[in-house]
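Trainee: If you read the sequences in order, they're chains A and B.
The working numbering applies: residue 1 is where the first sequence begins, and numbers increase by one.
The working numbering applies: residue 1 is where the second sequence begins, and numbers increase by one.
Hint data in this document are derived by calculation from the structure and do not stem from the laboratory.
Possibly wrong hints are sitting among the right ones.
Claimed, not checked - With beta-carbon atoms standing in for the labels, derived distance ranges: (1) B/G53 / A/P86: 45 to 51 Å; (2) B/E64 / A/S89: 34 to 40 Å; (3) A/E87 / B/S3: 20 to 26 Å; (4) A/H99 / B/S18: 36 to 42 Å; (5) A/H99 / B/E20: 31 to 37 Å; (6) A/L115 / B/Q2: 45 to 51 Å.
Claimed, not checked - Some chain A residues close to chain B (C-beta under 10 Å, calculated; not the full set): (7) V4; (8) Q6; (9) H7; (10) P8; (11) G16; (12) F28; (13) T32; (14) L46; (15) F106; (16) E108; (17) G109; (18) L112; (19) V114.
Don't be surprised by glycine CBs; every beta carbon is placed ideally from N, CA and C.
One-letter residues, chain by chain:
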Amino acid sequence: GAVVSQHPSRVICKSGTSVKIECRSLDFQATTMFWYRQFPKQSLMLMATSNEGSKATYEQGVEKDKFLINHASLTLSTLTVTSAHPEDSSFYICSARDHITGELFFGEGSRLTVL
Amino acid sequence: AQSVSQHNHHVILSEAASLELGCNYSYGGTVNLFWYVQYPGQHLQLLLKYFSGDPLVKGIKGFEAEFIKSKFSFNLRKPSVQWSDTAEYFCAVTPSSGTYKYIFGTGTRLKVLA
Chain A
1 GAVVSQHPSR VICKSGTSVK IECRSLDFQA TTMFWYRQFP KQSLMLMATS NEGSKATYEQ
61 GVEKDKFLIN HASLTLSTLT VTSAHPEDSS FYICSARDHI TGELFFGEGS RLTVL
Chain B
1 AQSVSQHNHH VILSEAASLE LGCNYSYGGT VNLFWYVQYP GQHLQLLLKY FSGDPLVKGI
61 KGFEAEFIKS KFSFNLRKPS VQWSDTAEYF CAVTPSSGTY KYIFGTGTRL KVLA
């Protein structure tokens, strides 16, 4: 079946640094990808919708200058957490929508820890 | 605003017991409905989905869900659970047309005792 790969799966960084997380659709093209944040024992919170070749659409309350999203190709979207702080520590999950079948597939998630 | 509510946060069952997980949504238009499962240490996987037609939907691993439009509900059921069904289950909703934004419920953590 379709696979979405996220990298890195775990990252630890110092406060003030930036971290980039990649989300790749491995065997299908995804015109739309989504970035979620999952807090412990809570649901997935949609952060933004990433459309290939255009600017991402951010959900209310999500700082677009802090969470930079780029969707430069039909198989790759990146999320960059800029000037990370400990409160940004979380589990970030991407999903990609197969533009032919419409089905949504999820990545394995990336756990960010900011010291 | 759209929202999804899952009433049971933690469920503990013995093997062979029947399962029903509640899901209610709030949205003014037509929707597509999903149940996803997340096994320990793994990514989210689609269990089943409803787009239109027969409101009783059958998914993988013996799961089924029934869409009751009048109740805005999409409850997940399985007649006889197995230890391997231990996982977290998420209900999700997206508008039938438009942005394809998925809104997730808070999840239900199921533990099946062998």
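Trainee: For each hint, tell me whether it holds in the structure or not.
Mentor: Here is how each hint holds up against the structure:
B/G53 and A/P86 have their C-beta atoms about 48 Å apart, which keeps the hinted 45 to 51 Å range intact. For the hinted restraint 34 to 40 Å between B/E64 and A/S89, the CB-CB distance of approximately 38 Å keeps it satisfied. As the Cβ distance of A/E87 to B/S3 is approximately 24 Å, the hint placing it in 20 to 26 Å holds. About 38 Å separates the C-beta atoms of A/H99 and B/S18, a value consistent with the hinted range of 36 to 42 Å.
Range check, A/H99 to B/E20: Cβ separation about 35 Å, and the 31 to 37 Å hint holds. The hinted range of 45 to 51 Å is not satisfied by A/L115 and B/Q2, whose Cβ atoms lie roughly 36 Å apart. This hint holds: A/V4 has a C-beta 8 Å from the nearest C-beta of chain B, less than the 10 Å allowed. For A/Q6, the shortest C-beta to C-beta distance to chain B is roughly 8 Å, which falls under 10 Å, so the interface hint holds.
Hint status for A/H7: violated, given a least beta-carbon distance of 13 Å to chain B, over 10 Å. Interface restraint check: A/P8 against chain B, minimum CB-CB distance 15 Å, threshold 10 Å, status violated. Below 10 Å, beta-carbon pairs count as interface contacts, and A/G16 has none with chain B, the closest being about 30 Å; its hint is therefore violated. Interface hint status for A/F28: violated, as the beta-carbon distance to the closest one in chain B is roughly 14 Å, over 10 Å.
Because the smallest distance between the Cβ of A/T32 and any Cβ of chain B comes to about 6 Å, under 10 Å, the interface hint for this residue holds. Checking A/L46 against chain B: minimum C-beta separation of about 6 Å stays under 10 Å; hint holds. The beta carbon of A/F106 comes within 4 Å of a beta carbon in chain B, closer than 10 Å, and the hint placing it at the interface holds. Interface restraint check for A/E108: the shortest CB-CB distance to chain B comes to about 4 Å, inside 10 Å, so the restraint holds.
Hint status for A/G109: holds, given a least beta-carbon distance of 6 Å to chain B, under 10 Å. Residue-level restraint check for A/L112 is violated (minimum Cβ-Cβ distance to chain B is 16 Å; threshold 10 Å). The beta carbon of A/V114 comes no nearer than 23 Å to any beta carbon in chain B, farther than 10 Å, and the hint placing it at the interface is violated.
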